[in-house]
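Chemist: Once you have looked at the hints, place chain B on chain A.
2 protein chains.
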Amino acid sequence: MSAIRYELIKTCKESGARLGRIHTPHGTIDTPIFMPVGTLATVKSILPEELHTMKAQIILSNTYHLYMRPGHDIVEQAGGLHKFMNWNKPILTDSGGFQVFSLGPLRKITEEGVQFRSHLDGSKHFISPEKAIEIENALGADIIMAFDECAPYPADRMYVKDSLERTTRWLERCIKAHKKPQEQGLFGIIQGGMYKDLRKQSAQEILQYDLPGYAVGGLSVGEPKEMMYDVLEYTTPFMPKDKPRYLMGVGSPDDLLEAVLRGIDMCDCVLPTRIARNGTVFTSQGKVVIRNATYARDFSPLDPECDCPTCKNYSRAYLRHLVKCNEILGARLLSYHNLHFLIKLMEDARQAIMDDRFLTFKKEFFKKYGYTK
Amino acid sequence: MSAIRYELIKTCKESGARLGRIHTPHGTIDTPIFMPVGTLATVKSILPEELHTMKAQIILSNTYHLYMRPGHDIVEQAGGLHKFMNWNKPILTDSGGFQVFSLGPLRKITEEGVQFRSHLDGSKHFISPEKAIEIENALGADIIMAFDECAPYPADRMYVKDSLERTTRWLERCIKAHKKPQEQGLFGIIQGGMYKDLRKQSAQEILQYDLPGYAVGGLSVGEPKEMMYDVLEYTTPFMPKDKPRYLMGVGSPDDLLEAVLRGIDMCDCVLPTRIARNGTVFTSQGKVVIRNATYARDFSPLDPECDCPTCKNYSRAYLRHLVKCNEILGARLLSYHNLHFLIKLMEDARQAIMDDRFLTFKKEFFKKYGYTK
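Going down the list, the sequences are from chains A and B. The numbering used here puts the first residue of the first sequence at 2, with every later residue one more than the last. The numbering used here puts the first residue of the second sequence at 2, with every later residue one more than the last.
Excised from the complex, chain A in its bound form (with noise of 0.2 Å):
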């Protein structure tokens, strides 16, 4: 038996949004669901203790930081990522791909896999889809990315066929190379860029192979907000109906509800703990960027309708003061409020689907948020 399975609760009869729930070795997932992002086995400056409070239910980690530092060896020695960073829920892990075609001039594409560069030291690494699976074993997360390539944006469609191509057979290379599928579920991912009858074609070849989940890559790659959901709108119907469909590196609240709309289970993004650190949140009124000077004397908390720690306890002045003289403890609580803002805009948007007004809901965000449409 796979180590991961998907069970369909229902479908907003208002919309194609689905509820859901997916078994994992450690522990039940209910998605929709937002997955923090922990690139080097730590969810940037959050404790596990906090992400249960905020009640984070999976992170996600990466496989290319990892193997870095402090080495795949070394988290396999201390137990696995769970032990190693004292995480005992689930997990899921990239398969490195996607840093590892971000660095550019860096790497080189053959058949065999990727030569790069460290973005460290510059020192030489070799990346195959049976390297990638090897990390990802010693890792030991519960759900575990194939090695793809994520076509940039813009590419010209050639590009983008051999790519997905060349992704199909990798997919193969992974599943053969796969050690551990009893504890750990192998995820492909669906390329194509913004091509509709490549990702036809990437779907209808991914989908013939039998794997416990799958996910639409090589979105949120710099195009258009209305044309990734276009893309992904034509994507998600070839998709399964008794497996979660994860859309990798997706992470605004508007994007996450769209994706929701269009069949999609599980998201990520590192956007919420990033755009902390440098002082802008998610509020149920929009973004505040809290650096700006009208907070400097703005005694009211960050979100008047938000019940996180951040929100009961401190002031939009004194979040400010922080942010402005970059201490830590700024990082630490604008990152817990955004992050517990997405968690919780998917546990809304459960609850719309189960009472069949999603549209309903995400309309209603949208307004008071402050998107136009």
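Since the hints were derived computationally from the structure, they do not count as laboratory data. Nothing here was measured: the structure is a model prediction, and the numbers come from that model. Treat the hints with care, as some may be off.
You can't tell identical chains apart in this list, so a pair holds if it fits in one copy or across any two.
[Claimed, not checked] Calculated cross-link-like contacts (lysine-lysine; reagent style BS3-like; alpha-carbon spacing at most 27 Å): (1) Lys45 x Lys56; (2) Lys45 x Lys313; (3) Lys45 x Lys14; (4) Lys56 x Lys313; (5) Lys325 x Lys45; (6) Lys313 x Lys84; (7) Lys288 x Lys345; (8) Lys180 x Lys345; (9) Lys125 x Lys325.
Modeler: Chain B in isolation, oriented as in the chain A frame:
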């Protein structure tokens, strides 16, 4: 009645170490005590809740820094420092003197006060004893320090004598300027550099004023440790038994115990959090520089004898990984441990005084910690 009242519980029969309590408007603290430093209204990387958990009873904050950012008027408008930073236990503020004098060529001392340029933007400022107390009154700490001059080390006798006499005259002005003696206790500061006769002169001058507490300033400024202990040992006997005694700026485990041995009740220092952010920790077996390669595969806790959450939940290998990657969580976990270590050390010291075995306790600690004396 003064805002601050000291209660001497007992003096150790083995040594001059004192066990006591200080009653303040925000609660009672047990002495001897170590006070974590929250320079900019935050103990760097640590939440107030965590300070409670590690049993911190009082923290220190810096007047100069808060005057610069966010400005004492903002803190006052927020309802005072306690409310601004969400810390409902006692706070002590220094007077800004030490920071201003540390600015070196950026400042000019006159009888009236100190003219200086901001370390942030070069803007011109003037702080007098009256201004320092005005700021401290606005911040609203339980204990506020007089505006003094801390002479550097080395400094010639004439300079130190002039300086300590000015400090006495400034103390008188501070007392007159103090608007809230019922709510905030003003402490005087004994100076005199490394000259015993000048320490005696300063003590005699400062102690003429009936204040709720007195500090020893101008030590731990670069002099050899033995010299500091010697000057301290000479100075504390001048100080009254019924008032708290505060040694400013001291925070290594050995210095804390040497200070307590000489009858000191309160100490503060940025050392534990500063070295933590650089990856160095105190342990029961001495200092550990966690970024060293030797800990890369060390899956044991930082300090096997420590019961703090960092030691209970994380390995040296994980903490080293975080520090090497400049992850905020590394600074958090190590800062927590170091503060917990010093707070626990002082708790153990109090028990040892209660049991009339402080000298024995100190010897045992030093032996284990790796000091040769």
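Chemist: Against each hint, give a clear statement of whether it holds in the structure.
Modeler: Results of checking the hints against the structure:
Proximity of Lys45 to Lys56 under the C-alpha cut-off of 27 Å is found in both arrangements, the shortest distances being 17 Å within a copy and 26 Å between copies. Taking the shortest alpha-carbon separations for Lys45 and Lys313, both the intra-copy value of 22 Å and the inter-copy value of 20 Å come in at or below 27 Å. Taking identical chains as interchangeable, the C-alpha atoms of Lys45 and Lys14 are never at most 27 Å apart, the minima being 38 Å within one chain and 50 Å between chains. For the homomeric pair Lys56 and Lys313, the shortest alpha-carbon distances inside one copy (17 Å) and between copies (22 Å) are both at most 27 Å.
With identical chains, the CA atoms of Lys325 and Lys45 are at most 27 Å apart both within one copy (19 Å) and between copies (14 Å). Only between protomers do Lys313 and Lys84 lie at most 27 Å apart by alpha-carbon distance; the minimum there is 12 Å, versus 32 Å within a single protomer. Taking the shortest Cα distances, Lys288 and Lys345 sit within 27 Å of each other inside one copy (16 Å), while across copies they are farther apart (43 Å). Taking CA atoms no more than 27 Å apart as the test, Lys180 paired with Lys345 passes in neither setting, with 36 Å inside one copy and 47 Å between copies.
Proximity of Lys125 to Lys325 under the C-alpha cut-off of 27 Å is restricted to the inter-copy arrangement: shortest distance 20 Å between copies versus 39 Å within a copy.
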